[in-house]
Amino acid sequence: MAARIGVVIGLLLTLVVPAAAQTAAPPDLSGFWINQYTPDLSAVLGKQPPFTEFGAERWRTVDTAKDPTAICLPVGPSRGFTAPFPFLLVQHDKMIAIMFEYQAIWRAIYMDGRGHPDDLADYPYFMGHSVGKWEGNTLVVDTQGIDERSWLDTAGHEHSAKLRLTERFTKTGDDTIRWTVTYDDPVYFTRPWSIERTFTRGKPGDRILPYTCNENNKDVEHLRPNQPNLKYKHVPEEKKPGG
Amino acid sequence: MQRGIAALLAAVGVVFSGLSVAAHHSFAAQYDRDKPITLKGTINKIEWANPHIYFYLDVVDNGAKTEWAIEGGAPSTLYRAGWRKDSAKVGESVTVDGFLAKDGSKLVNMQQAVLADGRKLFVGQQTFYQKGR
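If you read the protein sequences in the order shown, they are chains A and B.
Mapping the first sequence onto numbering that gives the first Met the number 0, position 7 (from 1) lands on 6, and the numbers just tick up by one.
Mapping the second sequence onto numbering that gives the first Met the number 0, position 117 (from 1) lands on 116, and the numbers just tick up by one.
Mixed in with the good hints, there may be bad ones.
Claimed, not checked - Cβ pair distances, simulated, as ranges: (1) B:37 x A:229: 30 to 40 Å; (2) B:32 x A:236: 26 to 36 Å; (3) B:105 x A:105: 37 to 47 Å.
Stated by the list, open to error - A short list of chain B residues far from chain A (calculated; beta carbon distances all over 12 Å): (4) 40; (5) 41; (6) 58; (7) 59; (8) 62; (9) 64; (10) 89; (11) 90; (12) 92; (13) 96; (14) 117.
Derived from the structure by calculation, the hints contain no laboratory data.
If you're wondering where the values come from, they're calculated on a predicted model, not measured in any experiment.
Built from N, CA and C at the ideal position, the CB exists for glycine as well.
Work out the full structure: start from the sequences and follow the hints.
Set out below in structure tokens:
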């Protein structure tokens, strides 16, 4: 009887251990993914983000003719994932690479346990410096050192050099990723705020196409000052009791 | 019903054809929504290039020929909507509906372009995204 129980336990272990090992492996996010075009983050949020007085005044007076991407500066990490252009994601144990069609630019997410470099503030990146880790089946990416010349969206939401992004990538099916991004910037916002978007997998054989922004950027000669928010009235959020 | 679908598709084309410009920078920083314009002319050049395609029209008015620049979407979005760089050819006649540039130059953001045979040209740029494949 004891021997029979032992055989059963042994059989169960051979079944359970590999299954457990498989569960521990992170999901594969690699592939060709299509963003949800989001030119104005406040449209997703349903209101303007929680501006500081400074942030509100910057929003009120922003001139969209000064959009950094209009002169082909890199799009920044927020806009890379909200533009109407797809991206490739290549996943490796120690590194995840994201290659954006928009402006043919990339992000590297270091997965080897490192932190951010000490001198990051002196050498910012337009796409930021990103480190990631897995929390269960969710990839969590911390990005800092984002060049303050980039914008968060086409509408003209700006940020400071203190912007910190926390992105969470969760596969919600074979062909969908839920992307949640939290914007934390004490210069522009009174508290962190988040939006959620979905990436949808492209068809087999889809490929990234050329986007060489400087090739024929005739638009820049024709831009004229445009301040669409001059009537914006800032209403600070009410502080919650005890907050 | 078919007419309704056609009207809807046309509306989608009109609404979304300017979005590639909007991705690169705000539409209103370059064009004036209060200044719609319709031009009929002959294509004399096509620039299938980033960040947006341009083509150029010779427009004859009272015997005088004027060249207009017409801006469209990004090559990649047009490609995915089924357009190719030779979908229209130099010498073809086209009618363009769009909006004038704010700076007064002879530049139009194309919202719709129709070839002489009735084919709509370089529209539906956002199909890839609107359908969310």
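(message) Hints numbered earlier in the text: which of these fail when held up against the supplied structure?
(response) none
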